[in-house]
Amino acid sequence: MANNTETTTPKYKAKDFSSDQDVRWCPGCGDYSILAQVQRTFPEVIETRKENVVWISGIGCSSRFPYYMDTYGFHGIHGRAPILASGVKIANPDLSVWVATGDGDLLSIGGNHFIHACRKNVDIKVVLFNNRIYGLTKGQYSPTSEKGKVTKTTPFGSVDYPFNPISLSLGSDATFVARSIDRNPKHMQEMIKRTGAHKGLAFLEIFQNCNIFNDGAFSVLTEKDTKDDHTLFLENDKPMVFGKNQDKGIKLDGLKPIVVDISNGKYSKDDLWVHNEFSVSPTHAIILAHLDDNKDLPTPVGVFRQYFKETYDGGIANQIKYVKEKKGEGDLEKVLFGGNTWEVD
Amino acid sequence: MANNTETTTPKYKAKDFSSDQDVRWCPGCGDYSILAQVQRTFPEVIETRKENVVWISGIGCSSRFPYYMDTYGFHGIHGRAPILASGVKIANPDLSVWVATGDGDLLSIGGNHFIHACRKNVDIKVVLFNNRIYGLTKGQYSPTSEKGKVTKTTPFGSVDYPFNPISLSLGSDATFVARSIDRNPKHMQEMIKRTGAHKGLAFLEIFQNCNIFNDGAFSVLTEKDTKDDHTLFLENDKPMVFGKNQDKGIKLDGLKPIVVDISNGKYSKDDLWVHNEFSVSPTHAIILAHLDDNKDLPTPVGVFRQYFKETYDGGIANQIKYVKEKKGEGDLEKVLFGGNTWEVD
Amino acid sequence: MTHVKEKDFQQLSDVTVRFAGDSGDGMQLTGTQFSDTTAWIGNDLNTLPDYPAEIRAPAGTLYGVSGFQLHFSSTDIHTPGDTADVLVAMNPAALKKNLPDIKNDGTIIVNSDAFDVKNLKLANYDNNPLDDDSLSGYHVFEVPITSLTANALEGLPLSPKEVSRCKNFFALGLMYWLYDRPLQNTEEWIKSKFKKKPEYVEANSKALQAGHKFGEMTEIFTTRYKVEPAKLPKGIYKNISGNEATALGFLAASVKSGLPLFLGSYPITPASEILQFISNYKNFGAKTFQAEDEIAGITSAIGASFAGHLAITTTSGPGLALKTEAIGLAVMTELPIVVINVQRGGPSTGLPTKTEQADLLQAVYGRNGEAPVCVLAARTPRDCFNMAIEASRIALKYMTPVILLTDGYLANGSEPWRIPHVDEITEIKVDFRKDPEGFYPYSRDENLARPWAIPGTPNLEHRIGGLEKSNIYGNVSYDPDNHDKMVKLRTQKVKNIRNDIPDLKIDGEQSGELLVLGWGGTYGTIKEAVAKANNAGLNVSQAHLHYINPLPKNTEAVLNNYKKVLIPEINLGQLARLIRGEFLIRVEQLNIVRGLPLKVNDILEKITELLGGGNGK
Amino acid sequence: MTHVKEKDFQQLSDVTVRFAGDSGDGMQLTGTQFSDTTAWIGNDLNTLPDYPAEIRAPAGTLYGVSGFQLHFSSTDIHTPGDTADVLVAMNPAALKKNLPDIKNDGTIIVNSDAFDVKNLKLANYDNNPLDDDSLSGYHVFEVPITSLTANALEGLPLSPKEVSRCKNFFALGLMYWLYDRPLQNTEEWIKSKFKKKPEYVEANSKALQAGHKFGEMTEIFTTRYKVEPAKLPKGIYKNISGNEATALGFLAASVKSGLPLFLGSYPITPASEILQFISNYKNFGAKTFQAEDEIAGITSAIGASFAGHLAITTTSGPGLALKTEAIGLAVMTELPIVVINVQRGGPSTGLPTKTEQADLLQAVYGRNGEAPVCVLAARTPRDCFNMAIEASRIALKYMTPVILLTDGYLANGSEPWRIPHVDEITEIKVDFRKDPEGFYPYSRDENLARPWAIPGTPNLEHRIGGLEKSNIYGNVSYDPDNHDKMVKLRTQKVKNIRNDIPDLKIDGEQSGELLVLGWGGTYGTIKEAVAKANNAGLNVSQAHLHYINPLPKNTEAVLNNYKKVLIPEINLGQLARLIRGEFLIRVEQLNIVRGLPLKVNDILEKITELLGGGNGK
Ligand SMILES: Cc1ncc(C[n+]2csc(CCOP(=O)(O)OP(=O)(O)O)c2C)c(N)n1
Ligand SMILES: Cc1ncc(C[n+]2csc(CCOP(=O)(O)OP(=O)(O)O)c2C)c(N)n1
Ligand code: SF4
Ligand code: SF4
Ligand SMILES: [Mg+2]
Ligand SMILES: [Mg+2]
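Residue numbers (the working numbering), protein chains in the order written: chain A, 1 to 345; chain B, 1 to 345; chain C, 1 to 617; chain D, 1 to 617.
Because the hints were derived from the structure by calculation, they are not lab data.
Some clues are possibly wrong.
Claimed, not checked - Here are the simulated DSS-like pairs of lysine-lysine, each with C-alpha atoms no more than 27 Å apart in a straight line:
hint: 1; chain 1: A; residue 1: Lys324; chain 2: C; residue 2: Lys256
hint: 2; chain 1: B; residue 1: Lys138; chain 2: C; residue 2: Lys191
hint: 3; chain 1: C; residue 1: Lys505; chain 2: C; residue 2: Lys397
hint: 4; chain 1: A; residue 1: Lys149; chain 2: B; residue 2: Lys321
hint: 5; chain 1: D; residue 1: Lys196; chain 2: A; residue 2: Lys138
hint: 6; chain 1: D; residue 1: Lys196; chain 2: A; residue 2: Lys147
hint: 7; chain 1: B; residue 1: Lys256; chain 2: A; residue 2: Lys199
hint: 8; chain 1: C; residue 1: Lys485; chain 2: D; residue 2: Lys103
hint: 9; chain 1: B; residue 1: Lys334; chain 2: D; residue 2: Lys196
Excised from the complex, chain A in its bound form (with noise of 0.2 Å):
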């Protein structure tokens, strides 16, 4: 479908996936260290020619995005991104659709077509800037702020409690749920490539500073003394462990999942839950997508879950093929002409 003349894939550099557009956001917006971890890692995760990128977003900074990429781009309408790119991604399955989004783009006014994506399992993938703050109009709270902020609109405390966009996902049956963070390059760069390798829906959340509205938001997961302390980085198949000296980790208890301390002999490795992103149910996404609802336990990073189903875009494709092959390809003519006809003369 992809209209190439050429067909080999060069090896592209970084600055390939750099447009000629000057970048404007804030100076020290986390959003330039998501466009420098895509940027650096396009040339590996993109197994096509580049004509056949596609990066759509909704209205926000993080909205922004597809005018800094060197690839084809579409800014559209605050909230229709994840359909915007759908369109496009059923329309032509051979293109690689990235959608880039905020908070409040995806699940605000966005939600419905963000779970319908999900649901449908459209090979898109989503990549959302979640700075929990409304940052292009000029920081209102977000449906990922924290109950009792304090906004311009909410001057004396929000009252509506925030999403929590991976359990959101999961509810909605997205075939793969990752997040990582701003401020750690490496392991945003890992999970670009991993997103970009799902054949389906991805969804990667990004905690994302906006230092101009919401500066720190994730301070506890990024400052040097407590990131260790309150990140768990999950790693397929491998116990979780955590904590500055690695001497922390996550044990089952029934259903819940509790900290132990593996340092003082009573536990060992050996006793913590083993991270299984391939996990039939999405009962072990969902216990770790609420891991931090309790304020003792670490925030997860990394690939919640994988598993895949049928694309609707490959669904839609296939249908159109298996069609085809039984009725042949049309005939207008015969369409035209069929059903109850007469003839005049």
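Add chains B, C and D with the ligands to chain A, keeping to what the hints say.
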């Protein structure tokens, strides 16, 4: 707030909730049973005078519901019932606000309002008439239709996967999640009572037969010879037993639910998983929500989860009270003349 | 059987028949079968299905009545008929509800079995109308259709309920007899429809034949009617509804442009059928996407357009309202899409199953900012085919959204259509931009259209979006003068379409006393009214707009050729407003908003009044 | 310090100042402080903030330039000024971007420290404009603001970055000196703003004082300017922006109607501030609901209206597009809501931070079906207060949605406002229906309004919704004649508002050669243009519409009193279209769509041209 001149609540009868409008559903439609059970239970469910009850709906066969209830009613626009209801409830928290909605109305066009109302825990009762089809528009597939379904818009079978409404609502942190079946009036009555008694967003999914466009969608759960083996009635604190002879049970194998035979002596009721509606984490409920992903396992009905946290409307009201206490009742003159003023004379 | 008295045949030039019964009685099916057979034997025809918003409202109720009117003739006709010559009423409610639309002295065939106490009460009859003289102005035939059907099917392995469901075929058989139509067509339909239920094939065929035989045998009918075939142009015909014609039109546009079709849509009455039809064309590579809502329907189509498809979205009024913001995005990104709006009664949910013309100003103006789009309107069911192709042509050539307006009457109504051969349909030329040399995403060709460079094309990587773009280069631009220029360019582009569409045609005198100007589904009604007025010696012509934005170049000149211009619309004067605002021309209006097609007679009266006749001024 | 030469004072009647710098330079703050102080000492004033869509675009870039223009005077003024007398440019990009809007012979104060190679390059300067003669037509003052600020703050415990952030206060202090304004106001503001950061209080105050002192000490400025207070009517004043006035207006309407305020809204530039302001009024019982999207914003408001609140929703163009369907629901259910649309540049996302008037036709016509609503427009920042109250009054009295249009210029611009006392504001009478006797949900009072019977009221249980309703009884009705009646009744109800609004007022001669007709935010510009034209001896009057649907009763008569009517708009002629369509009157248009207020001079030229002067026809 409710402008009652009279304050005691009379003893209502079912027919007090029946409006003067003829009911216009197709003969045989499952909606009739829902209406009957609501009218039958409401004298008990409604702890307030009936002028404080409001039924709100979107568009669909199911959404005609408010016309048949002799309460305040608002037949809104497609998909918007949860937010219309939220507006009513936030404006006047003394009202008992109910939503009647269909699988298309709530989960297709209305999905976003639904998940946000769940997240915010607006104190409204959402009753989903899930017939897994678009009834009013005459038989297109819906987001709860099974994959492969042949309908007017999917002549070759649908290619997308359905939502699991229970799992979606749990993923959105709904504080009360339950399910019932149109053909089991007694169970439905109990669920309506439980729904009405919950403080916070209560979501009740009712499997409802559309005998015109999707007849028999739930027949395994309603037909005499299959229903006992396919339905699991959830009861709090009780081991999960089911089957014609109550001879089968659910056991938890790690995170994985399995069916065991409790008639042959190998397993007894004591080995079974015990239902806990009030589990702190959503894990328990999520496992149940996905129970019948495995076709060998039964479909649970009953209360999946109930927990309590501040309601959104309550939070707004409390904040107003708090600010009034702190700043004093608003004084318009003061606000108008506040800030940087100067006098010209 | 041999003693049956030969019945007289009476020749008629046209007849209007209405079938009415419970929504569960199969009246739409009966009407469609009668139409298909009638078309098939060569009459011209025009139909008006009229069904309630309820799916199968409880039997016997007034609001559960479903009707189907059909006008057929041996000459050219254009409307479903103001009033019916014959009513087939399957129960008291059907009789009561439809009586006002039956001609004085008309014929009424009732299923007398259904006139029991319960049904009479449900229909709010105090007395049985068959027993008092309330029907004295009509020729009433009482036929115990239910029991006759039961008799005919005796012995078949069917439940009483199943037997009763066959009674519409009995009624149809009787009507076939009365109007001398063959059974064959319907018999074949029954066979293929119930392929998997041979007992149903037998039962329904038997009921059909029994109805026919009953006509033959009974004493109560003394006359039969013949309506000769109409003299239609040579060709192969089929009976087609507006929705089906719309679907076929886009399929043809897809084939003729070489672009795969993408339809992103959300079901809504009365537009859902288009989605349903097109979802059958999978072997043409057509992709149908039943989206989560209308916004998703159009936005997915915009995505597909970006990716190089012929992208369309179908909806009705409330859905168009929801698509508003996204249409603006298509305007700004200058991508081709067609939005089909099948108008229904409004505002809000309004009258979902009824027809109306009140979305015109929404289509023309209903967007934020200066967001010009091309607006077209189909005028008859079969015309939807041509306008679908024309809408596609314009969208693709000018890189612009096009809104195509049809309405509930066109969508569900049907008429004979001379089927065009594929090679009679003009090609639609589409050139994707391939050459990187001098490529700029917002450069413009002689039509002011920008290049269509689709993802997958090497070296044309570029970014588009809803923010204002610099002319030619297409980068985001906040420059004030650029914005002024772009606002004006986008408007000019749509205006220029004027040079690429046919002049407004006049039926009748090229100048004179009165022009009746219309648009959309009122075409047939106006045509018949004007013809009648001409026959009565009145000086009146007709012009009917296919193109509303832009208007044809000669519109102003045409209007100025008449002393008066009358604009009849099923709204409060929306085209009238556009015409007044555009040309500062005084226009007369006729605005009747009843959820139904206008009546020939209403227009005729207005014409007469305006020309000083009738109860003039 | 004692040797400083006394500077001359020059008296001016009005001055236009523009501050410009990086979006991180605090220019909006500087402008606001200058405005507040200027208002406070009694000048009339009018402001135009102009900021980029980027939050803090990288320093030094052209697209990152943020500006604030302010026009103040000793007489009545109405615009922010076509061009500025003085520009304060904090870097080369600010100079480059703003130079075109500075008067010939104007004054330019630059932060010379910022004119380094890097910044010059970022601003695409090949040569340093301070070194070549490209600025020879201006009075340029080079002030090393960055280093002077650093000197002044030496020894304070601040990082270099923090120090640099204070430079806008240095610039402000200098301008205060130049225009003889007191520091006190700003000093107090600094104190309260940085309550929790005493080191910032000290730093910013010091920078402010240093700027002031620098003016005093330096040799480069030889003249200072005085602008005497304006002679404003007696009263207490404050400087108010349109958004703040809108918020206060609805708060007042809530108090005066006795109904709690409910605002359901989704943030969008330039409307978000209204939500922000109102969310502070919790102690008035005002409920603000930041909804998941615009549809939820308005739909929650409709729910709150049903429940008896004064329910409003705020948005801008793309958001209004999304609210379209729900407005139709409010029309059908005849519930009072006010939709505030702060217009911005379109179509689509367009120019989010710029002003425009192109949502007028969307407001009037942008809905499916015949869905009439009342449309009002505010004309100046402070007028938003009155129009908010008026919109509420009409909505509540006629049980109808009202759309109130403001725009980005009004929203962000500010002017002095004589604050009304609470008892000067008229009461809004609201009667909830309480009496069950004879209650029908769609019965109508003398204004055709239906009763407002809110949940919680005993014995008035009833159902409403978007399907067509039977007149009086309010049950769902598919009856054709009822629909026709209801469509016409709803339209009549909105038309009747005509009888309840003031006549269109004329400023100037009551008849004559030319009337300039406008609406919304162009009021001040038209007023100054007409005044100038009158001064030049031209026969021209002004009329400005507050009410667009319905139009004031005397509109046609007014228009007919002039030989020509000119309608200047920041769109392609939307009011012009309405007026032409309504009255069949030829109008002249002036349409400049640059995302900026019109200029006095553009209108003046057009007036001159139309009256045969200038470069006539
Ligand atoms: C229909 C519509 N509604 C509202 C807006 C205003 N708006 C633009 S971006 C945005 C939210 C931005 O927040 P987020 O998605 O979190 O992105 P961020 O800027 O934080 O990256 C809003 C409300 C809009 N442009 N369009
Ligand atoms: C904006 C809008 N889009 C579409 C429709 C058409 N519509 C009405 S009901 C419905 C779906 C009905 O399905 P469901 O919600 O499952 O209700 P059911 O009829 O099955 O009870 C649709 C698509 C509409 N009325 N309004
Ligand atoms: S406002 Fe926040 S999110 Fe937006 S660019 Fe600036 S720092 Fe980044
Ligand atoms: S169509 Fe189905 S859901 Fe609707 S009323 Fe009929 S049976 Fe019930
Ligand atoms: Mg954000
Ligand atoms: Mg349904």
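Restraint check for Lys196/D with Lys147/A, where alpha carbons must lie at most 27 Å apart: With Cα atoms ~24 Å apart, Lys196/D and Lys147/A stay inside 27 Å; holds.
Hinted pair Lys196/D and Lys138/A, Cα distance within 27 Å: Holds, because 22 Å separates the two Cα atoms, which is no more than 27 Å.
27 Å Cα cutoff - pair Lys485/C, Lys103/D: 25 Å, holds
Satisfaction of hint between Lys199/A and Lys256/B, Cα-Cα up to 27 Å: 26 Å, holds
Satisfaction of hint between Lys196/D and Lys334/B, Cα-Cα up to 27 Å: Given that 27 Å is the threshold and the Cα spacing comes to 25 Å, the pair holds.
Given hint Lys321/B paired with Lys149/A - CA-CA distance at most 27 Å: 18 Å, holds
Pairwise hint evaluation, Lys397/C against Lys505/C, where the allowed Cα distance is 27 Å at most: 24 Å, holds
Given pair status - Lys191/C, Lys138/B, alpha carbons within 27 Å: 24 Å, holds
Satisfaction of hint between Lys256/C and Lys324/A, Cα-Cα up to 27 Å: 19 Å, holds
In the structure shown, no violation is registered for any of the earlier numbered hints.
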